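J.: Using the sequences and the hints given, assemble the complete structure.
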Amino acid sequence: MIDELIRFFASPSNRELVVGQLGEHIYLSLVPLVLGVLLALPLGRLAQRVRWLRGPLQGTANAFYTVPSLALFVLIPGIVGTPLLSPLNVVIALSIYTAALLLGPVADALESVPAHITAAATALGYRPRRLFLSVELPLSVPVLAAAVRVASVSNISLVSVGALVGIGGLGRLFTDGFQRDYLVEIVVGIVLTLLLALVVDLLLVALWRVLTPWTRAERA
Amino acid sequence: MIGELVAWLTNPANWTGQGGILVQTLLHLYYCVVSVAVAALVGVPLGVYIGHTGRGAVFVVGASNAMRALPTLGVVTLLVLCFGLGEAPALAGLVILAVPAIVSGTYAGITNAPPDAVDAARGMGMTSWQRLWQVELPNALPLLFGGVRSAMLQVVATAAVAAYVGLGGLGRILLDGLKISDYAQMAGAAIMIALLAVLLDLVLAGVSRRLIPRGLVPATRNRR
Numbered sequence: 014m015i016d017e018l019i020r021f022f023a024s025p026s027n028r029e030l031v032v033g034q035l036g037e038h039i040y041l042s043l044v045p046l047v048l049g050v051l052l053a054l055p056l057g058r059l060a061q062r063v064r065w066l067r068g069p070l071q072g073t074a075n076a077f078y079t080v081p082s083l084a085l086f087v088l089i090p091g092i093v094g095t096p097l098l099s100p101l102n103v104v105i106a107l108s109i110y111t112a113a114l115l116l117g118p119v120a121d122a123l124e125s126v127p128a129h130i131t132a133a134a135t136a137l138g139y140r141p142r143r144l145f146l147s148v149e150l151p152l153s154v155p156v157l158a159a160a161v162r163v164a165s166v167s168n169i170s171l172v173s174v175g176a177l178v179g180i181g182g183l184g185r186l187f188t189d190g191f192q193r194d195y196l197v198e199i200v201v202g203i204v205l206t207l208l209l210a211l212v213v214d215l216l217l218v219a220l221w222r223v224l225t226p227w228t229r230a231e232r233a
Numbered sequence: 070m071i072g073e074l075v076a077w078l079t080n081p082a083n084w085t086g087q088g089g090i091l092v093q094t095l096l097h098l099y100y101c102v103v104s105v106a107v108a109a110l111v112g113v114p115l116g117v118y119i120g121h122t123g124r125g126a127v128f129v130v131g132a133s134n135a136m137r138a139l140p141t142l143g144v145v146t147l148l149v150l151c152f153g154l155g156e157a158p159a160l161a162g163l164v165i166l167a168v169p170a171i172v173s174g175t176y177a178g179i180t181n182a183p184p185d186a187v188d189a190a191r192g193m194g195m196t197s198w199q200r201l202w203q204v205e206l207p208n209a210l211p212l213l214f215g216g217v218r219s220a221m222l223q224v225v226a227t228a229a230v231a232a233y234v235g236l237g238g239l240g241r242i243l244l245d246g247l248k249i250s251d252y253a254q255m256a257g258a259a260i261m262i263a264l265l266a267v268l269l270d271l272v273l274a275g276v277s278r279r280l281i282p283r284g285l286v287p288a289t290r291n292r293r
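Quick mapping for you: the protein sequence lines, in order, are chains A and B.
The first sequence begins at 14 in the working numbering and counts up by one.
The second sequence begins at 70 in the working numbering and counts up by one.
Any given hint could turn out to be false.
[What the hints assert, rightly or not] Derived coverage of chain A by chain B (criterion: at least 3 residues anywhere in the stretch with Cβ under 8 angstroms from a Cβ of chain B; other residues may be distant):
#: 1; segment: 37-46
#: 2; segment: 77-84
#: 3; segment: 189-202
#: 4; segment: 206-214
[What the hints assert, rightly or not] Far from chain B, some chain A residues (derived; all Cβ distances over 12 angstroms):
#: 5; residue: Ile-15
#: 6; residue: Phe-21
#: 7; residue: Ala-23
#: 8; residue: Glu-29
#: 9; residue: Leu-30
#: 10; residue: Pro-55
#: 11; residue: Leu-66
#: 12; residue: Leu-137
#: 13; residue: Tyr-139
#: 14; residue: Pro-151
#: 15; residue: Ser-165
#: 16; residue: Val-178
#: 17; residue: Leu-224
I should point out that these hints are in silico values taken from the structure, not numbers from a laboratory.
Predicted model only: the values in this text are computed from it and were never measured.
Note that the Cβ used here is the ideal one computed from N, Cα and C, for glycine as well.
T.: The following block contains the structure:
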């Protein structure tokens, strides 16, 4: 196996393929993560604020999350009008998944901010927008962190399905390896996907630590 | 585009015959039910054992996290290249991907059984087996079914992907449509896959509501 791996990476065209698809994979999984978070924040806020909307919003989110990725990749061009082979389809689909996954946690996290803290900020003259951005949102980060980590891992794993409808990413190594009957290529694809998920997860954990300095102050 | 899709879905010729929507939907359903049933036969006892004894808990948490990152297309192509074309390796892939969700759901259910109730059972002199059967397992049912539901969704999606390595089912229709660039056929199959996923999820939700003892239904549902 090691010999074959060395032989695989000895070929410049293989190296180029792997690096290219890895870059595309990172782009196709992280852009939707950011878009999904940005989409989930206002929707989660709405679900928390407007009681009667919470059920329908959560229900819609669950329904979207239930639809298998391959089906969503194919249906989005028909709904949005993008070309079938456009990477945009994967970006839109994964943004929807991320937002659907985060809607509940955002609402819960905002709900969990203690009333006396928002009351104190209001008394200090914070208007709703600033209250949200500089008090409620930062305080929700610890609760949100877990959900964002799950979303990032699931995005990274799902991008490869896009290879079936002709979109790039590490999934190309699976379809290519399958057609050429080349096991090493598939193993490289799986290992790189797992490594990418691990690295992104570690980066997210580091990001939360930076964003929540008070949790460390309490412990010290 | 929508018109073509409706035309494809309402054309009786597409529904009948060996490769028709009807047969492929039933085949897809069959793959899903069999894989989840096998995964439950493996996963539930494993989750119960780990939850009840506390042995191997670190392994479960680590493995279920790692499995979430595992790309299904990679697993399926790898298995088929290793063990040859055919239904068995592809179905094995579905089972492998479904087991962790069921194990971690069962494990979480058992360990989240209210400690008061478990202690009370111990105080009443219940044996370890009675405690498991009469207290921990009923309390574990909501999370256990949650695990089965997410395993089912995973399997519906993976079965569609596994059409790439020769499995039948609705993914077959979708990928054949892709090959001849017939968008109506692809979208029609995609809609059927989505419907099947939503429907199976609803059925499992209904079954779990039936089977979970009334006293264990979360109090929030009684509001209003």
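J.: Each hint should be assessed against the structure and marked as holding or not.
T.: Right, here's what the structure says about each hint:
Coverage of the segment 37-46 of chain A by chain B is violated. Counting CB-CB distances below 8 angstroms, 0 residues qualify, and the rule asks for three or more. Given as covered by chain B, the segment 77-84 of chain A passes the check, having 6 residues with a CB less than 8 angstroms from a CB of that chain where 3 are the minimum. Counting residues of the segment 189-202 of chain A whose beta carbon lies closer than 8 angstroms to any beta carbon of chain B gives 7, which reaches the threshold of three, so the coverage claim holds. Given a C-beta distance limit of less than 8 angstroms, the hint that chain B covers the segment 206-214 of chain A holds, as 4 residues qualify and 3 suffice.
Every CB of chain B lies more than 12 angstroms from the CB of Ile-15 (chain A), the least distance being 18 angstroms, so the non-interface label holds. Every CB of chain B lies more than 12 angstroms from the CB of Phe-21 (chain A), the least distance being 15 angstroms, so the non-interface label holds. With a cut of 12 angstroms on Cβ distances, Ala-23 (chain A) stays outside the contact zone with chain B, its closest approach being about 21 angstroms. Residue-level check passed: Glu-29 (chain A) sits 20 angstroms from the nearest beta carbon of chain B, beyond 12 angstroms.
Chain B leaves Leu-30 (chain A) outside its interface by the beta-carbon criterion, the shortest separation being 15 angstroms against a cut-off of 12 angstroms. Here Pro-55 (chain A) stays apart from chain B, with its beta-carbon at least about 25 angstroms from theirs, past the 12 angstroms limit. Separation of Leu-66 (chain A) from chain B is adequate, the least Cβ-Cβ distance of about 15 angstroms exceeding the 12 angstroms criterion. With a minimum CB-CB distance of about 34 angstroms to chain B, Leu-137 (chain A) clears the 12 angstroms threshold, and the non-interface call stands.
The claim that Tyr-139 (chain A) lies off the interface holds: its Cβ sits roughly 31 angstroms from the closest Cβ of chain B, which is beyond the 12 angstroms cut-off. Every C-beta of chain B lies more than 12 angstroms from that of Pro-151 (chain A), the closest at about 26 angstroms, which supports listing it as non-interface. The beta carbon of Ser-165 (chain A) sits about 9 angstroms from the closest Cβ of chain B, which is not more than 12 angstroms, so the claim that it is off the interface is violated. Its beta-carbon lying about 6 angstroms from the closest one in chain B, Val-178 (chain A) breaks the requirement of being farther than 12 angstroms from that chain.
Under the 12 angstroms C-beta cut-off, the non-interface status given to Leu-224 (chain A) relative to chain B holds; the minimum distance is some 22 angstroms.
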